[in-house]
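Starting from the given sequences, assemble the full structure and let the hints guide the process.
Note that our numbering has the sequence shown beginning at 14, numbered continuously upward.
If you are wondering where the hints come from, they were derived from the structure by calculation, not from laboratory data. Mixed in with the good hints, there may be bad ones.
What the hints assert, rightly or not - Okay, derived cross-link-like pairs now, DSSO-like style, lysine-lysine, Cα gap no bigger than 27 Å in a straight line:
| hint | residue 1 | residue 2 |
| --- | --- | --- |
| 1 | K44 | K79 |
| 2 | K44 | K83 |
| 3 | K89 | K44 |
| 4 | K17 | K83 |
| 5 | K17 | K91 |
| 6 | K17 | K89 |
| 7 | K17 | K79 |
| 8 | K79 | K91 |
| 9 | K44 | K91 |
| 10 | K89 | K79 |
| 11 | K44 | K17 |
Predicted, not measured: the structure shown is a model, and the values here were computed from it.
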Amino acid sequence: MVVKAIFHTFRMGDVEDPYLYAAFPIGEWQKTEHGRWVMEHAVGEPVFWCDPDPVSMGYRVSITGKLEEKDYTFFKLKWGNCAENYCR
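What follows is the structure, given as structure tokens:
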């Protein structure tokens, strides 16, 4: 069975092109242990979303995807709630 997961989230200020500005932090995240593991174990390609964030008056970027159940369990045990309870 496949489980949907939010792998990583971060906030950005109000920028002209949020997708362009999100590219660098996403690339840096992919170089971390967490990011490498997700990219290796995700079912399909993870997707990132830029949503307006009324709290910071900017954007909230979330990286989402799917994992097999056993990989999802490992993910939650190793990195816990790294997505700060952010639900898309």
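The hints, checked one at a time:
1. Taking the CA atoms of K44 and K79, the gap is about 19 Å. The hint holds against a cut of 27 Å.
2. For the hint pairing K44 with K83, the CA-to-CA distance comes to about 23 Å; that is within 27 Å, so the pair holds.
3. For the proposed pair K89 and K44, the alpha carbon gap of about 19 Å is at most 27 Å, so the pair holds.
4. For the hint linking K17 to K83, the alpha-carbon distance of about 13 Å falls within 27 Å, and the restraint holds.
5. A distance of roughly 17 Å separates the Cα atoms of K17 and K91; the hinted pair therefore holds under the 27 Å criterion.
6. Proposed proximity of K17 and K89 is supported: the alpha carbons are some 12 Å apart, at most 27 Å.
7. Between K17 and K79 the CA atoms are separated by roughly 4 Å; this keeps the pair inside 27 Å, and the hint holds.
8. Between K79 and K91, the direct Cα distance comes to roughly 17 Å. Compliance with the 27 Å bound is thereby established for this hinted pair.
9. Restraint check for K44 and K91: the C-alpha separation of about 17 Å stays at or below 27 Å, so the hint holds.
10. The straight-line distance between the Cα atoms of K89 and K79 is roughly 13 Å, inside the 27 Å bound, and the hint therefore holds.
11. For the suggested pair K44 and K17, the alpha carbons sit about 22 Å apart, so the restraint of at most 27 Å is met.
The structure meets every hint from the earlier list without exception.
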